[in-house]
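Colleague: Each chain, written out:
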Amino acid sequence: MVRRGNRRTNIVGPVIGAVVLTALVTAAVTMLVTGSRYGAVAGFSSDVAGALGRVISVPVGWFQAGVSSVTSYFGGSPLNQKLKEENASLLQWRDQARAMAERLDAYEKLHGIAGEKLPEGISGRMVGESVSVFSRAGIVNLGSKAGVKVNWIVLNQNGLVGRVIAVGADTSRVLLLGDSESRVPVMGEVTRARAIASGDKSAVPRLAHLNTPTIMQDGERVMTSGDDGIFPRGIAVGQAGIAPDKVWRVRLATNASAIDFVRLIPPSNFPPPLETVTPPPLPAPPSDATMRDLTGSGAILPLAPGAAAVPSAATPEAIRAAQTDAALGLTKKSANERDAARETARKAEAARLEALRGNAGPARKDAASGAGSDSATAPRSAKKSEGSAAQSPLATAPTPAPEPTRAAEPAPLIEGPN
Amino acid sequence: MIGILPGRLATRQRLFVGAILVMGLSTLDLIPLELGLLGSVWPIVLLWPVCGWAGLGPNVTTAGLLFLLGLWVDTLTGAQFGTWSFIALLSHACVLVQARVLGTRNLGRISRATLAGVVLFLVMLLFALWRNIGFNIMSAIVPITVAIFCYQRVGQLYDLSEDEL
Chain Z
8 MVRRGNRRTN IVGPVIGAVV LTALVTAAVT MLVTGSRYGA VAGFSSDVAG
58 ALGRVISVPV GWFQAGVSSV TSYFGGSPLN QKLKEENASL LQWRDQARAM
108 AERLDAYEKL HGIAGEKLPE GISGRMVGES VSVFSRAGIV NLGSKAGVKV
158 NWIVLNQNGL VGRVIAVGAD TSRVLLLGDS ESRVPVMGEV TRARAIASGD
208 KSAVPRLAHL NTPTIMQDGE RVMTSGDDGI FPRGIAVGQA GIAPDKVWRV
258 RLATNASAID FVRLIPPSNF PPPLETVTPP PLPAPPSDAT MRDLTGSGAI
308 LPLAPGAAAV PSAATPEAIR AAQTDAALGL TKKSANERDA ARETARKAEA
358 ARLEALRGNA GPARKDAASG AGSDSATAPR SAKKSEGSAA QSPLATAPTP
408 APEPTRAAEP APLIEGPN
Chain D
705 MIGILPGRLA TRQRLFVGAI LVMGLSTLDL IPLELGLLGS VWPIVLLWPV
755 CGWAGLGPNV TTAGLLFLLG LWVDTLTGAQ FGTWSFIALL SHACVLVQAR
805 VLGTRNLGRI SRATLAGVVL FLVMLLFALW RNIGFNIMSA IVPITVAIFC
855 YQRVGQLYDL SEDEL
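If you're matching them up, the sequences are chains Z and D in order.
If you use my numbering, the first sequence closes out at 425, no skipped numbers anywhere.
If you use my numbering, the second sequence closes out at 869, no skipped numbers anywhere.
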């Protein structure tokens, strides 16, 4: 009896265990399908992980401080010198940056450009960073009590860190750029090539949907493009480069050092349009009778008055021939116009010379009776003008048409001083 | 070989001590120590109960504990709730079947851990394909390998058999 009861227990126990195991797998699948990484539960888990992260970060901080003090003890002097040099060069850059910022502000005011300044945020510290197989997330010690909300942007001194995906009372969970769910629209600083920085659980996210891969440059700085309306434009993300797997990737700027102090800023959130856009009313369709007339005459649609003829065969050869004909026609027309202008100018010049000859007789008589000094001058000038008119190639060459007022007053040439 | 525990506790006590150890060590994930493309240096400690508790056969307590441990890891890592529960329970079920069909119970500790690690890796790969999540293979292999080597030491705490029920 005892043996039989034990055997029955040994059979029932595993069966129940298998049923419970199956039920729990189903429950996990249900949670996966229906749940998400956002929401109140995620915020609560963020608080739990944040509390643990604070506890863990204390000894880690001690260890880091110890290592830092030992390192600085042995290598303090060279490091100090290096930092001084770096500081001096950075001060120059700071002055230049301030000057450029002022100029930029002035230009933006002049052109009426709406500036995209980063909004004021709040600063905090990353107390935990989890790098597991399926997620890359961090915990920041600022939560809903500090005003943080979902989708806030997280930055540090090097650039973009990620965005907030869950908010607890005292902590927030940050989706890092390397997480497989992270998608950030970015662009090259020089080439302006647009792409999506897509996390794939590595330290170097992929540049997916790169619109112009040929113009992207290796080592080019990559920054946020602001196309999604969440990330402000111009935040440094990293440097572009081709990975050994022949895929464009971005070396994150935040990998330069451990993420410690961070700044949380609200997202851009472009406002939606206030008024709904209504399309303009379309004209009424043509009546059946009109369509019948058109189809009867062989046309599809009536041409506008003065519109160019539609080529019957729009092949490249036909288009080229039409263009050549048009060019030749234009050349012939312009040549005719030029000849007519030359003829007009020639006639006008001849009329002017004729008028000069007609007026030269009385003037010579006046000169013979009075001004002796002018008697030699006037015929000489008249002869000179005749000779110049006869010898000058401009007599037949195209000359600009003389102005009517000058052609009508040849007197100044022969009238002497009164 | 010298184990980490001086004596042998009762089976249920060992179950819960093992679970608490997993919970405690999982929090190490919050310290960002990485090997670059190779991922985190911290072991996937869920492998230990998945492998060791399979010796008990299908059991309500082990299934429930694995479910809770998975949720705990989800809480710490920020993964979607149910991710690690699903992976741990499915891997556990596969190891159970493997032990019954292939008779791997009599193998050495490292061999059983290696087989369980392979199963865990395949389940993770399957999960990544199902959920369309980016899956860096090297960043999964390294923590699993570390966990397999650590199992040589901690296996005494997790290795349970049907005789202990």
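Some hints here could point you the wrong way.
Not the full set, but computed from the structure, chain D residues with beta-carbon under 7 Å of chain Z [to be verified]:
(1) G728
(2) L729
(3) D733
(4) I735
(5) N763
(6) T781
(7) G807
(8) N810
(9) G838
(10) N840
(11) I845
(12) T849
Don't read these hints as lab results, they were simulated from the structure.
Built from N, CA and C at the ideal position, the CB exists for glycine as well.
Colleague: Each hint should be assessed against the structure and marked as holding or not.
Modeller: Against the structure, the hints come out as follows:
1. G728: violated, 10 Å
2. L729: violated, 12 Å
3. D733: holds, 5 Å
4. I735: holds, 6 Å
5. N763: Because about 4 Å separates D/N763 from the closest Cβ in chain Z, which is inside the 7 Å limit, the hint holds.
6. T781: Interface hint status for D/T781: holds (4 Å vs cutoff 7 Å).
7. G807: Since the shortest Cβ distance to chain Z is 17 Å, the answer is violated.
8. N810: It is violated, given that the least Cβ distance between D/N810 and chain Z is near 19 Å, above 7 Å.
9. G838: Since chain Z brings a Cβ to about 3 Å from D/G838, closer than 7 Å, the hint holds.
10. N840: holds, 4 Å
11. I845: Result: violated, 10 Å to nearest chain Z Cβ.
12. T849: Violated: closest Cβ of chain Z sits about 13 Å from D/T849, beyond 7 Å.
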